[in-house]
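Chains as they are written, first to last, in my numbering: chain D, 1090 to 1382; chain W, 1090 to 1382; chain S, 1090 to 1382; chain A, 1090 to 1382.
Hint data in this document are derived by calculation from the structure and do not stem from the laboratory.
Relax, there's no trap hidden among the hints.
Put simply, identical chains are the same to the list, so a pair is met inside one copy or across any two.
Straight-line Cα separation of at most 35 Å, DSBU-like style, residue types lysine-lysine; simulated pairs:
(1) Lys1219 / Lys1244
(2) Lys1328 / Lys1381
(3) Lys1381 / Lys1244
(4) Lys1305 / Lys1219
(5) Lys1124 / Lys1305
(6) Lys1233 / Lys1328
(7) Lys1305 / Lys1244
(8) Lys1130 / Lys1244
(9) Lys1244 / Lys1233
(10) Lys1130 / Lys1233
(11) Lys1244 / Lys1328
(12) Lys1219 / Lys1124
(13) Lys1305 / Lys1328
(14) Lys1219 / Lys1233
(15) Lys1124 / Lys1328
Every value quoted in this text rests on a predicted model; they were computed, and no experiment measured them.
4 protein chains.
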Amino acid sequence: MEIGFIGLGNMGTGIARNLMKAGHRLTLYNRTREKAEALAKDSGAIAESPADAARPGIVFTMLASDDALTAVVEGDRGVLAGLPADGILVNMSTVSLAVTRRLASALHAAGKHFVAAPVFGRPDAAEAAKLFITVAGPAQAVAKVEPLLAAAGQKLANFGEDPAHAAAVKIAGNFMLQTAIEGLAEALALVRKQGVDPAQYLDFMTSSLFTAPLYKGYGSAIVEGRYEPPGFALPLALKDTRLAIAAAEEVGAPLPIADVIRDRFLIALSRGWDHLDMAALGKLAAENAGLKS
Amino acid sequence: MEIGFIGLGNMGTGIARNLMKAGHRLTLYNRTREKAEALAKDSGAIAESPADAARPGIVFTMLASDDALTAVVEGDRGVLAGLPADGILVNMSTVSLAVTRRLASALHAAGKHFVAAPVFGRPDAAEAAKLFITVAGPAQAVAKVEPLLAAAGQKLANFGEDPAHAAAVKIAGNFMLQTAIEGLAEALALVRKQGVDPAQYLDFMTSSLFTAPLYKGYGSAIVEGRYEPPGFALPLALKDTRLAIAAAEEVGAPLPIADVIRDRFLIALSRGWDHLDMAALGKLAAENAGLKS
Amino acid sequence: MEIGFIGLGNMGTGIARNLMKAGHRLTLYNRTREKAEALAKDSGAIAESPADAARPGIVFTMLASDDALTAVVEGDRGVLAGLPADGILVNMSTVSLAVTRRLASALHAAGKHFVAAPVFGRPDAAEAAKLFITVAGPAQAVAKVEPLLAAAGQKLANFGEDPAHAAAVKIAGNFMLQTAIEGLAEALALVRKQGVDPAQYLDFMTSSLFTAPLYKGYGSAIVEGRYEPPGFALPLALKDTRLAIAAAEEVGAPLPIADVIRDRFLIALSRGWDHLDMAALGKLAAENAGLKS
Amino acid sequence: MEIGFIGLGNMGTGIARNLMKAGHRLTLYNRTREKAEALAKDSGAIAESPADAARPGIVFTMLASDDALTAVVEGDRGVLAGLPADGILVNMSTVSLAVTRRLASALHAAGKHFVAAPVFGRPDAAEAAKLFITVAGPAQAVAKVEPLLAAAGQKLANFGEDPAHAAAVKIAGNFMLQTAIEGLAEALALVRKQGVDPAQYLDFMTSSLFTAPLYKGYGSAIVEGRYEPPGFALPLALKDTRLAIAAAEEVGAPLPIADVIRDRFLIALSRGWDHLDMAALGKLAAENAGLKS
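Okay, chain D solo, but in the shape it has when bound (with noise of 0.2 Å):
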């Protein structure tokens, strides 16, 4: 099948590789061409914009935030103008939901359709198509995407019709993902001071309670203080928590693990861990606990 695909971040690259070599052929696009040059050798051509991504009539985007995500839709040359009659906007990337419903309303005004479809997954997962991957959207342009992505991951399930929904499950679940790394750096930060032995601590309770994986990483990491390269940098974590916040702010909940994690991650930047992965959560605690972190 013939897609566009636009932003090709340590994400977006390997998933569109992922679709390359599902057998179909990508039309690639990039602001920063080197990266779609680079891939585009494989199998896939070029876009000179994301119009022109987006022509196929299929375009996946995964980018980094509401802005770049709205620039590439609504810009100058982009997928809203050229995307044709009847196409599907297919975005993976994390966004609030009043971007994902805003670009949905716009793309159906304009009789095209918009399928919400973000991950949880790092680029190695990206790059193995082992991502975990929800959808939502109108029913027959999600049935028409369902067979590409799933060749980007492992796991596929469906939210209905409405792509906020899609977007809020990716939202919540990046909370709560966060919260598990919190709770990791307060209890080994309070483990180590009261002199037990943080990488055993770590193993009795992965190895026992805490089985999923994402214990292991989170915590080993912050065990040894492993915080670069960032996997996950500290900007982009914190742009999950205010999205988090204003996704629950919009309908009256509050959210206090979310409120305590977004001052800590506040706390780390103006410390200018900006380069630093996400599980620096981890140092944080071990300095305010008076810890060499």
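Keeping the supplied structure of chain D fixed, place chains W, S and A upon it in accordance with the hints.
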């Protein structure tokens, strides 16, 4: 082996039964004697006092609080009095670091040994000998009781010579557990309020990132509003949060998430929810978001 | 002097009246025209649009939100269109730093001036010309409007050339006010629950350390459970908390107390308390403590 | 009148001096005897023990903690032993409700009286007899000591027969004070980071809404970064926060702002700020915002 066992609540009963199954002869003591009698029918004797239960030279305690343990050990006709020289008290109760240290000292001063062996797991895990057990204490004493602990649990981790270290692991682990539950509670309130089916959300999250069984267990309880009968009631959960805050305070470590949870438990109890399971954090998050809980 | 005035709510009406008393001729605009007509009887004219109200060359705005102000300034037949070259917009509304900066830029680009002049005080203070006013903007424009502001307030402080600075002072001041109210709310719930007469407690504290009138005012409202009619309703108070959090976030400063208060407001609103005064933080603190509020 | 006085720190010395000025003869006891001797030159006698100081039949205590007070009252050669039948212990120390109740009971059981009379004010206020004093205890005992308290303070409020009520007022008042300081700390960090002159901000706020002197006092300390020598050091302040949290917990009331402040104090102490005044909440807020403190 001859062993004493004190404290036959939901947890103690299961553990005692597994010790019997492993061929040991137990001398049982419980404040309300009926529970001891019911169990003694199998292969045990009844002790008239904690001191009596301690006479075999190894005695286990599984009690609900600092006060209960202190009374049993240091009170009139208590363990300290009945335990012979070189005898071992194996405390499986979750208690404060302060009490752990104090009793360890008191026993040591009397030429006896205190081993901390707190456990992770609910009553069904106790029954099935599936507990996760942390152990710490004088090396020879620990070596002597490890085979007994092996009869009660599926995994045993030795945290060294200081009993307070095992207690700290238990306390920090409980804190991580409560953090996970509060994270679930907030996230489920958020997605519900956003119109997402919470059961589908939970199913997706627990089959992708949050595969540890506790997420499925507590998450289902919240989704179904199933808080009674309590597996672990709110007042006991609040006690655990306090232990975490106290353990952190004594070493100058803040635990902001524990603060959030403690306040939530206080609010829950002020509503008369003493009889609900700690999963009722989900009920409070829902009500705070204006949802019917 | 000829002046335009836009926004005749509780605050705006009092201020406009004082400008009239000081001998100025006002051209009044309000979304619901009746309020403007009632006031115009005294010595004013009615404007058909914000643009009309702006034609005298100096126009005041006192509106409820970022959106209301933006619509009045940049909307169709708005202030930006009607204000003559070198004209001055004096914004007394409490709005975000982002909107303050954006409108200041837009006016500047059009050869016009934006002066921020937000006020502290309730409607009765507005009526009595007892407001506390912060002002910032281009020096010549500020010099021109200071005599007008003097007619509305008892104290005027000039924070320099950047309108965002006056807005930041207002936002930070509101945050300190809400902090004081939440402090009262928690303390009063605590002493009530301890059996102390809260009225006597309040009387003692406000005649010893906490002599600022706001403590007596908000404290009495809480002690007497007097939350209606609202002097300043909860939804507006929540808006202010959000402004504080946004102002802090943009410079990387955490405001943990604002987080606490925001969550409390969300809970209050989820209970349907939209019509209550922000002193109802006291009602929530009482209910959280299991007291009848 | 003959009076005993125990505890000659900064606060106690000022109070004792004022009692002497009012014509009373004091028998002084202090752990480090030099302070008692220095003061005794004026018109007092030296006691060899707390029991000796209590023999006149009325004895004041002004000590730093639960433990210090308990040791002095119940310890060897303590107040309880020395106080004659029907004698009165007037405790001005800030201590927990639990200790207040326990000592009140112990004295009552011995046919003696416990009056709680905690004070608000710094050492200079103690010196100048400008303290604000809350008093509660058995009516006849209170009536007898009120003239003495009048010599030490500018305002005296009687909270009835239960000594714990006066203690609760003191604890809740301290909490409100810390809340005000933390509010100042966060607001000043915010305006500084926004480029507003913090001194001008403080000047405006304290001459408009926040006229209570404490705002000017603590605010100036923060603006000027003046945290040494401490008027009231961080470890003592943390003790007060703990008293508030404990008092709230025992009646099931959450105090979320106290949680925030407690955590801030823990962080401050983990940085080695034991010797700084509690105004150093401002230093922490500044550092958390990435400002030089």
